[in-house]
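Note that the protein sequences, when read in sequence, are chains F and L. Letter by letter, the first sequence follows residues 159 to 446 of the numbering used here. Letter by letter, the second sequence follows residues 2 to 301 of the numbering used here.
These aren't lab readings, by the way, just hints derived from the structure by calculation. We put the beta carbon where it would ideally sit given N, CA and C, even for glycine. A few of these clues could be false.
[Said to hold, decoys possible] Covered, in the sense of this in silico footprint (three residues per stretch, anywhere, with C-beta under 8 Å from a C-beta of chain F), are these stretches of chain L:
(1) 41 to 49
(2) 107 to 116
(3) 277 to 284
[Said to hold, decoys possible] Calculated cross-link-like contacts (lysine to aspartate or glutamate; reagent style DMTMM-like; alpha-carbon spacing at most 20 Å):
(4) L/Lys187 with F/Glu380
(5) F/Lys331 with L/Glu288
(6) F/Lys331 with L/Asp284
(7) L/Lys187 with F/Asp428
(8) F/Lys246 with L/Glu40
(9) L/Lys187 with L/Glu236
(10) F/Lys331 with L/Glu236
Here is how the chains run, residue by residue.
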Amino acid sequence: MTIEPISAAEIARARAEHPLVFSVPLAVRLRRAALWAGFMLLMAWCLYDFNFSPLRIWEGLGRLGRVLSFMFPPHIWSEWREVSDILKGLGETLSMAFLGTLLGAVIAFPLSFLGAKNLNRRPFLRFGVRRGFDIIRAFETLILALIFIRAFGLGPLAGVLAIAVAEIGSLAKLYAEAIENTSTKPVDGVIASGGSRTQSIRFAVMPQVLPVLLSITLYNFESNVRSGTILGIVGAGGIGFLLADRIGAYRWGEAWSIIFLIIAMVYLIDALSGLIRARFIGTWEGVR
Amino acid sequence: MTTAILAFERDYAAQRRRARLTFAAVALVLVVLVLLTAEASNFFKITQVTQADGTRAERWVIGAGLPRLGEYLAKTIPDLHWSTLPDDIALWFGRWQIWAKLLLETVLIAFMATVFGVIGGFALSFAAARNLAPNGWVLWLSRRYLEIARTVPDLVWALIFVFCFGVGPMAGVMAVGLHTMGALGKLYSEANENIDMRPLDGVKASGGSWFDQMRYGAVPQVLPNILSYTLLRFEINVRSSSIIGYVGAGGLGQELRTAMSFQEYTNLSALFIIILVTVIVIDRASEALRHRVIGLGATA
Chain F
159 MTIEPISAAE IARARAEHPL VFSVPLAVRL RRAALWAGFM LLMAWCLYDF
209 NFSPLRIWEG LGRLGRVLSF MFPPHIWSEW REVSDILKGL GETLSMAFLG
259 TLLGAVIAFP LSFLGAKNLN RRPFLRFGVR RGFDIIRAFE TLILALIFIR
309 AFGLGPLAGV LAIAVAEIGS LAKLYAEAIE NTSTKPVDGV IASGGSRTQS
359 IRFAVMPQVL PVLLSITLYN FESNVRSGTI LGIVGAGGIG FLLADRIGAY
409 RWGEAWSIIF LIIAMVYLID ALSGLIRARF IGTWEGVR
Chain L
2 MTTAILAFER DYAAQRRRAR LTFAAVALVL VVLVLLTAEA SNFFKITQVT
52 QADGTRAERW VIGAGLPRLG EYLAKTIPDL HWSTLPDDIA LWFGRWQIWA
102 KLLLETVLIA FMATVFGVIG GFALSFAAAR NLAPNGWVLW LSRRYLEIAR
152 TVPDLVWALI FVFCFGVGPM AGVMAVGLHT MGALGKLYSE ANENIDMRPL
202 DGVKASGGSW FDQMRYGAVP QVLPNILSYT LLRFEINVRS SSIIGYVGAG
252 GLGQELRTAM SFQEYTNLSA LFIIILVTVI VIDRASEALR HRVIGLGATA
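Extracted from the complex, chain F is given alone in its bound form (with noise of 0.2 Å):
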């Protein structure tokens, strides 16, 4: 058994008489058109206001490309005071992401219980908790840092206690939606033999969620320590402090010295807690 191929003359029949099959309806195209016009024009809009002019883009490109030259060869600190200062400079970022996360981390535990749909059963004092998380959460590090600034003064401990609070708005609501998917199995299993409701949440809720703790713990660990290379740019201690005023004083070699051992640090971090996470949890998909 042989397949005709379709004659030109039966194709042009078929479009003839389903014409909706071979086109999009009028109605579909005008709306596609308008909101890609609507695009395009906002974009032009945009570039018009904020002056985007190729002579104005092609001298920032040949600035950008002389400040680039100044990568290769990197800078190379040869005082022992300057690599300690720089070093210094990675520790109290490091010091400012853990202890920040950490403190953090033991604010909202306890808070997270009562964020949690199955452990707070008051549905009004939930509410009100959830929300309080979501205004932490809305500030940024960076403005509860330059807030800190004006009460703890210049340095590292502003940068911890901006880290502190806003983790607690964030973690606290990643522990109460852990909290919440737990099962209620081993919950029944404890009241069943006849455990309290302290003793339910300890010995039922409290082994499944942990690993799951520690794991969303770590992530935050991480993402401080990316989000803290910059809070010294404001003055709340850290690398960024180095590296701002390095930028300031155009020493774009020292600069991009301190941009490679931010990369290096990150890079660091994230494998060493990669490393912790694989040996205390085990592989755990689906966080965050």
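Given chain F, work out where chain L should sit, using these hints.
Only chain L this time, still in chain F's reference frame:
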């Protein structure tokens, strides 16, 4: 029988001892780390404060700072009276014309940066996906490029671009855009790595080039994911562009800096409220859009 029980008890005791030792070791490491980091971040620092009677005294920094924090926050609350409420609010948001312009600028910076980031990230995501990259070199290069773009914070890119392109929103767009490219490129390429390869084989079998395979085999599969990631990123970018002005890259952040340095306390609280409301509105709007376009439950 008893020997079996004895052996069990012995093994159990040994296990318990090992568990306790591990716990003690981890706790010790943690305590040492906490003490070290607390020392490094001036947690235990003592400072001099002037007391009410004019004498100087030594205080713990946190203890001395907490009342100051309260004072500072109290100063940002404007003088509102019920009888003259409209006038008071008008005074509080007295610079609203300037702020509205800067707010628009902030959102537009976020918009343009997202567009640039999407274009760049989308283009690179195929080269940076393990299953799609044309060869090893392209894969390695594009992955390293995306990693550097997202590991360096956008505020640092802004510092660099403000030098290159001058003060203003253009530097902000470039900085946030570059960071977005790195972040979205990674997410997109992960979406690419999870696709079904059979449509690509089909396109290849019928003589399609690498670009044809991407266009007709990969893109239709990842489009919903990409849209979802992009909208989420837009929200993040609105936040970033609201502070990027702190280093001179346009948007509301520059007002924040002025208010901070000139100690215009009530302006600060007004700015916080503006940023908060904008972020919440955009959150809600993009969530609604996401649900409409992708359907409920398909959010990434």
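Comparing the hints with the structure gives:
no.	hint	result
1	41 to 49	holds (count 6)
2	107 to 116	holds (count 5)
3	277 to 284	holds (count 3)
4	L/Lys187 with F/Glu380	17 Å, holds
5	F/Lys331 with L/Glu288	18 Å, holds
6	F/Lys331 with L/Asp284	17 Å, holds
7	L/Lys187 with F/Asp428	15 Å, holds
8	F/Lys246 with L/Glu40	12 Å, holds
9	L/Lys187 with L/Glu236	18 Å, holds
10	F/Lys331 with L/Glu236	18 Å, holds
Checked against the numbered hints given earlier, this structure breaks none of them.
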